[in-house]
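K.L.:
Residue numbers for the sequence shown follow the numbering used here, so the first one is 1 and each next one is one higher.
Treat the hints as calculated values from the structure; they're not laboratory data. Each hint should be verified, as a subset may be incorrect.
[Unchecked claim] Result set (DMTMM-like, lysine to aspartate or glutamate): computed pairs, CA atoms no more than 25 Å apart in a straight line: (1) LYS229 - ASP315; (2) LYS319 - ASP99; (3) LYS442 - ASP316; (4) LYS448 - ASP138; (5) LYS442 - ASP315; (6) LYS240 - GLU95; (7) LYS447 - GLU96; (8) LYS447 - ASP13; (9) LYS171 - ASP99; (10) LYS448 - ASP13; (11) LYS171 - GLU96; (12) LYS229 - ASP316; (13) LYS240 - ASP99; (14) LYS448 - ASP135; (15) LYS447 - ASP316; (16) LYS171 - GLU354; (17) LYS233 - ASP315; (18) LYS21 - ASP315; (19) LYS448 - GLU359; (20) LYS233 - ASP138; (21) LYS233 - ASP316.
Since we're looking at a predicted model, the values are computed, not measured.
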Amino acid sequence: MANARSAAIAKNDLTQGNILKKIIMFALPVLGGSIFTQLYNVVDSIVVGQFVGASALAAVGSSFTISMLCNSIFAGLGGGSSVLCSQYYGAGQKEELGDMVATTYTLGLIIGAILTVVGILIARPVLMLLNTPADILDNSVIYLQIVFAGSIGHLFYNMGAAVLRGLGDAKWPMYFLIVCSVINVILDLLFVVVFHWGVAGVAWATIIAQTVSAVGVVWRTVRGGYGFKLSFKMLRVNGKKALALCRIGIPTALSMLISSMGMLVIQRYNNGFGSNFVATMTIVQKVDGFAMLPIQAIGMSATTFVGQNLGAGRDDRVKQGIRIISTSVIILGVVMGLAMYFFGYQLSGAFTTEPAVMEMSRNCLRIVCFMYWAMGLQMTFQGVMRGAGAATVPMIISFVCMIVRIPVAYFIAVRPNYYQGMLISMVISTMLGAFILFLFYKFSNWKKHVVIRKAPAAPAAKEE
1 MANARSAAIA KNDLTQGNIL KKIIMFALPV LGGSIFTQLY NVVDSIVVGQ
51 FVGASALAAV GSSFTISMLC NSIFAGLGGG SSVLCSQYYG AGQKEELGDM
101 VATTYTLGLI IGAILTVVGI LIARPVLMLL NTPADILDNS VIYLQIVFAG
151 SIGHLFYNMG AAVLRGLGDA KWPMYFLIVC SVINVILDLL FVVVFHWGVA
201 GVAWATIIAQ TVSAVGVVWR TVRGGYGFKL SFKMLRVNGK KALALCRIGI
251 PTALSMLISS MGMLVIQRYN NGFGSNFVAT MTIVQKVDGF AMLPIQAIGM
301 SATTFVGQNL GAGRDDRVKQ GIRIISTSVI ILGVVMGLAM YFFGYQLSGA
351 FTTEPAVMEM SRNCLRIVCF MYWAMGLQMT FQGVMRGAGA ATVPMIISFV
401 CMIVRIPVAY FIAVRPNYYQ GMLISMVIST MLGAFILFLF YKFSNWKKHV
451 VIRKAPAAPA AKEE
């Protein structure tokens, strides 16, 4: 048993072994989990679009930006914990690692409960503020309130998965996502097709499935096998670790909140083009999400890879890894961009049969496909900065990019009533973000933000 556990721990250690192989082995389960996440999100949209109608599909889409606003907080907490866990893991400080995980879960429970109550209360006022079309407002409110009711389950899955990935284990989060996706698909069909619950059925299916996956990742963390123990008695807030988590997690959350709040303005712009365009953007988000999956999987590996290796003092290995990851996401970005350019129209047909929406979807996808390589680089360097604990940098750059995107969208899309301009503004801001992050990586002292690390090791032979 002890030998098996030691072997499992060594397999999750990204500070040793062939870099490319380690990154691929980490990224593949992330990709697998992301595919299943997109699968149940797409099934939601397909079931609603095909069995309820385009207006119901637009209602689900109009709620997406608001729910992402709260998910930013979840991702911030999880991201901060993932970075610290990876650094403690790389430095070999297992007892401190256990305290960090316990603090993460305790804070998550408190914050999740608050967000549940607040979200349910503000759903309708916020949707009205966003100028949600009257014909989809009621359905949007129903969907959003139910999603908020399941905030704790969603939060705990994201946090638990982030903790496990920080420990180098991307497989168990994938396993639970597969279970979650299967449950979600079954419940979608049951609640919508059989029970005729409409958008409410889709929302209930989602939160039930997410709660199951949340229980799974918490169980896996408690069960052990990562060199530390976690029990119910340990659930408390360690002040020092909570502050460290907030120092990384709050800028990470704010970075996503800035993007989400900017997206509220973008959503208002989208709503002004009518329900057909809202439905189109819902389709684009789903199809585009699939195209980005392999790029995201490789880019996400940067956070854990950098965190573990900086914690272990392997600065030489960090530099090699970043070069490998950057090259990989550029190649993947070009390949996926070409695929979306030529086959985007056919993919949009899975969501709707309405010719106007399908044509708008093709036009939009043929614009966003040119930004995938830049999005990959942006994700990579964001991951590098966060892995080192320099989470403020991505936050500032997110703010700059959104400040650019909003007026660009207004002047090239809203003013001339040119809906494609909404996508062009996205491409411009993405490329700008990738360029600025690269400059920070090359010319700033981002490694000084590492919370815990061994003394830097002597340069070793390349491990590519």
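K.L.:
Hint check: LYS240 vs ASP99, CA-CA at most 25 Å. Holds or violated?
P.N.:
Holds, because 10 Å separates the two Cα atoms, which is no more than 25 Å.
K.L.:
Could you grab the alpha-carbon distance between LYS448 and ASP135 and see if it respects the 25 Å cut-off?
P.N.:
violated, 53 Å
K.L.:
Does the structure keep LYS171 and ASP99 at a Cα separation of 25 Å or less?
P.N.:
holds, 23 Å
K.L.:
With the threshold set at 25 Å, check whether the alpha-carbon distance from LYS319 to ASP99 stays at or below it.
P.N.:
At roughly 30 Å apart (the allowed maximum being 25 Å), ASP99 and LYS319 break the hint.
K.L.:
Would you check the hint for LYS442 and ASP316, treating anything up to 25 Å between C-alpha atoms as holding?
P.N.:
Holds - the C-alpha atoms of ASP316 and LYS442 are around 15 Å apart, at most 25 Å.
K.L.:
Just to be careful, I want the Cα atoms of LYS240 and GLU95 compared with a cutoff of 25 Å; is the pair within it?
P.N.:
holds, 14 Å
K.L.:
Taking only the CA atoms, is the gap from LYS229 to ASP315 under or equal to 25 Å?
P.N.:
Measuring from Cα to Cα gives roughly 29 Å; hence the hint is violated.
K.L.:
Please work out if LYS21 and ASP315 have their alpha carbons no farther apart than 25 Å.
P.N.:
holds, 19 Å
K.L.:
Please verify whether LYS448 and ASP138 have alpha carbons no more than 25 Å apart.
P.N.:
Roughly 50 Å between the alpha carbons, so the hint for LYS448 and ASP138 is violated.
K.L.:
Going straight from one Cα to the other, do LYS447 and GLU96 come out at no more than 25 Å?
P.N.:
holds, 21 Å
K.L.:
Check the hint pairing LYS448 with GLU359 against an upper bound of 25 Å on the C-alpha distance.
P.N.:
Violated, at roughly 50 Å.
K.L.:
If you draw a straight line from the CA of LYS233 to the CA of ASP138, is it 25 Å or shorter?
P.N.:
Given pair LYS233, ASP138 is violated - Cα atoms ~44 Å apart, limit 25 Å.
When held up to the earlier numbered hints, the structure conflicts with 1, 2, 4, 12, 14, 16, 17, 19, 20 and 21 and fits the remainder.
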